[in-house]
Amino acid sequence: MDADAPILVAEGLHKRFGALVVLDGVDLRVGAGEALGIVGPNGAGKTTLLSVLAGAQPPNRGTIRFRGENVTDLSAPIRCRRGLARTHQIPKPFSGMTVFENVYVAATHGGVLARAGAYDRVTDALALCGMLKLANRPAETLGLLDRKRLELARALATGPSLLLLDEIGGGLTDAEASELVETIRELSRRRIGIVWIEHIVHVLLQVAERLICLDAGRIIADGDPRSVLAHRDVVAAYLGGVP
Amino acid sequence: MINTIIQGILLGGYYALIASGLTFMFSVMRIINLAHGSLAVLAAYALLVLAQSWHINPFLGLLIVLPAMAVLGFLLERLVLERSLRAGQLVPILATFGLAIVIDNLLFEGFGANTRSLGNFIGSLSYDSIELPGGIFVGVLAVGTFAAAVLVLVGLQLFLSFTPFGRAIRATSEDPDTAGLIGIDARLVNGVAAAIALVTVGIAGAALGMRGTFDAYTGGAQLLFAFEAAVIGGVGSVWGTLLGGIVLAVAQSIGAAISPLAFLIAGHGTFLVVLFARLWLAGGIGNLLARRA
Amino acid sequence: MSALAVRDLSLDHGLLHAVRHVSFAVGSGEVVALVGANGAGKTTLLRAIAGAHRPAGGAIELDGVDITAVPAHRRVGMGIALVPEGRRLFAHMSVEENLLLGRMSGRAGPWTLDRVMATFPNLAPRRAARAGTLSGGEQQATAIGRALMSNPSVLLLDEVSLGLAPIAVDRLYQSLAGLMQSGTTIVLVEQDLNRVMRVASRVICMLEGRIVLEGATATTSRDRVTDAYFGLGQARMPA
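So the protein sequences, as listed, match chains U, L and D. If you count the first sequence from 1, position 55 lands on 55 in the numbering used here, and the numbers rise without skipping. Position in the second sequence (from 1) plus 1000 gives the number in the numbering used here. Position in the third sequence (from 1) plus 2000 gives the number in the numbering used here.
Okay, chain U solo, but in the shape it has when bound (with noise of 0.2 Å):
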């Protein structure tokens, strides 16, 4: 695949509940290795979204090529096989394992590893989100902080080459959100793309190249992240018009 190519290239997609239309025929692309934020006013459908593009839900109309190949009618487990992986708002780790076990599991279905290479891919993957002290610990005794430090390891051990992250950001205090941060850059770094949906606007800024606003299902601006927070439009799909 050529190295320039977008990772993800999503067309046309479409998502209605009912007679409620949630995506209203949004296109989106993100390069290899790009940090893409998405932020919109609630019930724009960004979670929605989110939710698609990990096979979560299958959208209406569309279509969604990752690295190339067509995973529209792929299941949210293949996809994550093929490199696509993501994180959930609520952190759901599984309780009666350790951290370790936790991100083994990851390791070894989703990055379909057999048992040497899983433990090395676990090891690097709670090393690189300051979990290795934790490796023990039951998952169900963890704060908050360390319970999404997790979900990012276990989404890690899969191996992927994009990481969707749901509104990772809440509930933090600063020094908590800027030690994610710095975690979630690491791993750009490392040339995994990023797809972020955030409410929590000015820690996604620090992560995020590029920005998107989404506001009732559409893409209302897409660009560097300061000038699309000053864009009319988006200001006021969050606080109304300019009188």
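To be clear, the hints were calculated from the coordinates, so they are not data collected in a lab. Some hints here could point you the wrong way.
To be verified - Some chain D residues close to chain U (C-beta under 10 Å, calculated; not the full set):
1. L2164
2. E2208
3. Y2229
Said to hold, decoys possible - Which stretches of chain U does chain D cover? Using the computed rule of at least three CB atoms under 8 Å from a CB of chain D, they are:
4. 138-147
5. 194-202
Glycine residues also receive a C-beta, built at the ideal position from the N, C-alpha and C atoms.
Fit chains L and D to the given chain U structure using the hints.
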């Protein structure tokens, strides 16, 4: 056959009466009280003690027993049901099941194995009858029980629909969090609802004792009949509960007319048929439980 | 002494710190607007003031009296009423029954069924209708009416324009115009900055559970609020 059906209808009145408290508690608090039957028997024994030891006529005895049942209901809700509910939606079933066993065994300890009846203390009322056209005799007590059932059911419905407290109960049942936000004390409301339920249980216990016999372990069967009547008729409507009781009783009576052994089977069979029909129509158990009265 | 004061209030949602060390005061008769992105903690804050969310720390005072330990249903009788996010009407009960319920535990005062009907004329023909069958605007009017029936001294409005067509929102705010000048203390959560600047005397912007901007609407520019909303260019308070 006409006689069988008429006797069945009147028996249905009793079943509706004992079912009313069960359906009320379920529709208001989403709690299935498995101690329901045992509590009715407890009320019957209380009336018995008042009649035997203090020579108080059971009807007058109700003036003492019913308020006591109300207090018992309030305490039951506060001390047992509320706490159980916090542990999980189905935990009250376990708790009340345990309570039923405790009540039954305590009654056995206290009163022994003899079957009792309140019929000895109400004079000729236990066997008085009225003659209907066609040579059919209906017991005065049976008619009275039926009338009591209608009064209780209609009374509950009127209370819920037209009184401020009834509105508060309905609101708390629908959304306790928002009810609190507009000033309704959910704990108080549920306590009163439980008190009301147990008053109806007390009335049913009196009817049980007067119409027939009871012993320490009669509660189980009464619970079963109340439950079957409630399910057949559907939770949440007055006429449903009445209809449920009648259908159950008529089925039982027709069964009994065919063979004395078929009495219970006919009732249970009817219950199961209606249950599966409801489940099938509602598309499964999940839907049935989700649909509100 | 303020009508309502929040002192160093912290609220948790499970593991999440939804509101962190928030303090502000509202004067009697003032209209204060709370703005902020999703997840900023606005709804949690209003619910805590109404008594539906137990604080992890801090205090809430009504007319100088500490009500932090007072349960929600008693706060209504003390004069606080919340119109919850999403209306939360009793769908199986009629408009009139919903309104009458609002009166049950409230205080004496000018608000009656008739006055509510006069304030929200679109409700009068729907008086006996089941609340679940009403339009969005009618439901919102009913929810506000229900709160008013308790004759509150402090009225909390949580996103009353959510899910309503612009026309319905206009009509709603028109009906509320009189209320806003009547001397009732009002705290409202509102997304539309224009309305906020028009109806509120003070605006508080929240971000991730903290207050990042507080100022009189007359002297605070839209741009400053927008920046605070997105968390740009503001001095951040320590964790």
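(request) Enumerate the violated hints, using their earlier numbering and listing them in ascending order. (result) 1
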